[in-house]
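**Student:** As you go down the protein sequences, you meet chains X and R in turn. Under the working numbering, think of the first position of the first sequence as 34, with each following residue one higher. Under the working numbering, think of the first position of the second sequence as 105, with each following residue one higher.
Read the hints as simulated data drawn from the structure, not as lab findings. Everything numeric in this text was worked out from a predicted model, so none of it was measured. Note that CB positions come from ideal geometry on N, CA and C, so glycine has one too. One or more of the hints may lead you astray.
Claimed, not checked - With a straight-line Cα cutoff of 30 Å, these simulated DSS-like cross-link-like pairs (lysine-lysine) come out:
id : chain 1 : residue 1 : chain 2 : residue 2
1  : X       : Lys193    : R       : Lys210
2  : R       : Lys130    : R       : Lys314
3  : R       : Lys428    : R       : Lys119
4  : X       : Lys74     : R       : Lys438
5  : R       : Lys210    : X       : Lys74
6  : R       : Lys119    : R       : Lys130
7  : X       : Lys195    : R       : Lys227
8  : X       : Lys189    : R       : Lys210
9  : R       : Lys210    : X       : Lys195
10 : R       : Lys227    : X       : Lys193
11 : R       : Lys210    : R       : Lys438
12 : R       : Lys130    : R       : Lys338
13 : R       : Lys210    : R       : Lys227
14 : R       : Lys314    : R       : Lys338
As the list claims (entries may be wrong) - Just so you have them, the derived chain R footprint on chain X, three or more residues with Cβ under 8 Å:
id : stretch
15 : 59–68
16 : 370–378
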Amino acid sequence: MSDKDPLPRFAGSCPIPISDYPMVQMAHGGGGRLSQMLIEKLFVPAFDNPVLENLHDGAVLGLSSGSERSPGQQRLAFSTDSFVVRPLFFPGGDIGSLAVHGTVNDVAMCGAKPMAISAGFILEEGFAMGDLWRIVESMRDAALEAGVWVVTGDTKVVDKGKGDGVYINTTGVGLLRDGVEISPEGASVGDKILINGPIAEHGIAIMSVREGLEFETRLETDSAALYPLVELLLDNLPDDLRVLRDPTRGGVASALNEIAGQSNAGVLLEEDRIPLSEEVRGACEILGFDPLYVANEGKCLAIIAADRAEEALELWRSHRLGAQAAIIGEVVDDHPGRVVLRSSIGGLRVVDMLSGEQLPRIC
Amino acid sequence: MRFVDEYRSEPEARKFVDAIHGVVTKPWSLMEICGGQTHTLIKSGIDRLLPEQVTLVHGPGCPVCVTPLEQIERALAIARRPEVIFTSFGDMLRVPGTSADLLSVKSQGGDVRIVYSPLDAVKLAEQNPNRQVVFFAVGFETTAPANAMSVWTAHRQGLENFSILCSHVLVPPAMEAILSAPHNQVQGFMAAGHVCAVMGYWQYGPIADKYEIPIVVTGFEPLDLLQGCYMTLKALEEGRSGVENQYTRSVTYEGNRPAQRLLRQVFEPCDRAWRGIGSIPESGYRLRSEYATYDAETRFDVGDIEAAESEECIAGEILQGLRKPHECSAFGSKCTPENPLGAPMVSSEGACAAYYHYGRVKVS
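Generate the whole structure from the sequences, applying the supplied hints.
**Tutor:** Okay, here's the thing in structure tokens:
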């Protein structure tokens, strides 16, 4: 940072390279490397506590004494998420159902059964009441299907032009069973990596209706509440389920990079085994996007002990949310902390964290 | 997927890999011209499948990388103006100028928008008659026809609020500059298939003859590149020069004649500076005098802006195939996609970015 730059209040010790990013960029919320940097270098040190340091989708708290753990103690999973999607209505969903699914899934990825959520609305002056009703109806239906109640909330209105119609924040809680230990640090060599179906559908569905980019597709968002898939694994192989993660922003690549980094294990993916619809492949080819980095809202990655992986796969395939489930790779002792992909022609390459947002290519 | 899967088949790829290993008897240095080819090579792991004697060097065919720093500064200056809607392809938004990029200008309130076609920028000009809409017209012969069409369309519609910041560059003069450089290491070229789809390959024969090298017009899928490598290496081993066409499904000798006519109507060749390389004679396009009113550089009086490159960045040597990204002392430390010193680390087609994202660790 140059000596002439005015320092923000905390800049003296802020480890983010402020000289390079004196202002927040869109990519700070994109789920890739800049998001990770913001969380790990700014928020985690600032709010310094052992629960936050786990960097899981949600926090797991002992009910009697905060982060303290004792045998037999009931544990609560707790997670929050904000939804600023544009457009508000898109093929197969809208911001309302997304706001429910996003948060109940974060709770589910802790291995907890979601119980209840809150809903905070930030509305823009002049927003059509009919559209707000559609969104609220959609939230209600999604909550009913997910088996959660919307138990508390908040509403604020901002001046016209200061928002995008509606922003929604949801916070969710759920209870963990005794003995369930899901942690991003839990991956170990030999474990298999499962996904419950084709990737990148949510991100491409949203892009297909984004202003200036509209293209025709039958594709719909994959947005769904995922606890039923988690429950199948917890009911049948609770001791062999190591890690759960829903690869939302930043896609499968970012989620697996986080897991590889936190477990200090290598991940080897097989490109040919990763489920991908023809529509998504086509759109990604045209736009120059790598589907591994495109957002999902109804996908779950599970890392399972090798000898139970096929059983887990069959369990998932028996459920409508996992009909196209696949084992897409494994945890290896080579290249610890990195994700590597074996390409369709047999070559190897690194799958890195996304730097900034994916931007459509020139040619 | 039809016309994609056929070119990503492992058994077919293995045949070409085996054929390449069978034909190579000594060290050779090949250059793939286009950044898109570089990314396919590294993303699909082809670089790790070739014999050790074959060195792939990466050419200057990344339009984002070779757009000169002062042109980025001109773009930033125009994009900061309140009356301007500045439009660009997505790739250009993160390319660093001396102290900012277009995304930073956007975060500071500039009206910077990604478009997917220059004709979308023309539509924006129609829809916003009280704003000035500028399109950042970068790219090789591939994107030039669509950009020419945008100017031609705006002219036909009498739009006075549309202009382009013209930064077009041309492949054949760059190939000649590389081959005539004193330290040239390139022994054979894999020419960029999409450039040739527009321009044909009639321009390449004289270059192949003059420098006595093989040039193989090559596509972008893994099997295209493996076949292109094989054809180039076979020609080298047999001591042949001349032009061959691997990409016959898209490229003809003559190319797309209507597109070439449109280019000649709107643009004329000019000397052009290449980022990291310097000025190459007759290596770019500028608007012809009939269309000069659509030139954003003069409309916004930014022609005098100058800028100096980082002294540490060796982008110029990388773009000429003289050095590899990982041979740069700043690679992966002072220079990363988050904090790039030069454009090849930023662009999705940049050689440094390809090495950083796909090849930073050795995998077995």
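**Student:** Are the hints correct? Go through all of them and say.
**Tutor:** Hints and how they fare:
no.: 1; hint: X:Lys193 x R:Lys210; result: holds (21 Å)
no.: 2; hint: R:Lys130 x R:Lys314; result: holds (23 Å)
no.: 3; hint: R:Lys428 x R:Lys119; result: holds (28 Å)
no.: 4; hint: X:Lys74 x R:Lys438; result: holds (18 Å)
no.: 5; hint: R:Lys210 x X:Lys74; result: holds (24 Å)
no.: 6; hint: R:Lys119 x R:Lys130; result: holds (20 Å)
no.: 7; hint: X:Lys195 x R:Lys227; result: holds (26 Å)
no.: 8; hint: X:Lys189 x R:Lys210; result: holds (27 Å)
no.: 9; hint: R:Lys210 x X:Lys195; result: holds (16 Å)
no.: 10; hint: R:Lys227 x X:Lys193; result: holds (26 Å)
no.: 11; hint: R:Lys210 x R:Lys438; result: holds (25 Å)
no.: 12; hint: R:Lys130 x R:Lys338; result: holds (11 Å)
no.: 13; hint: R:Lys210 x R:Lys227; result: holds (21 Å)
no.: 14; hint: R:Lys314 x R:Lys338; result: holds (20 Å)
no.: 15; hint: 59–68; result: holds (count 4)
no.: 16; hint: 370–378; result: holds (count 6)
Going down the numbered hints, you'll see the structure goes against none, and every one checks out.
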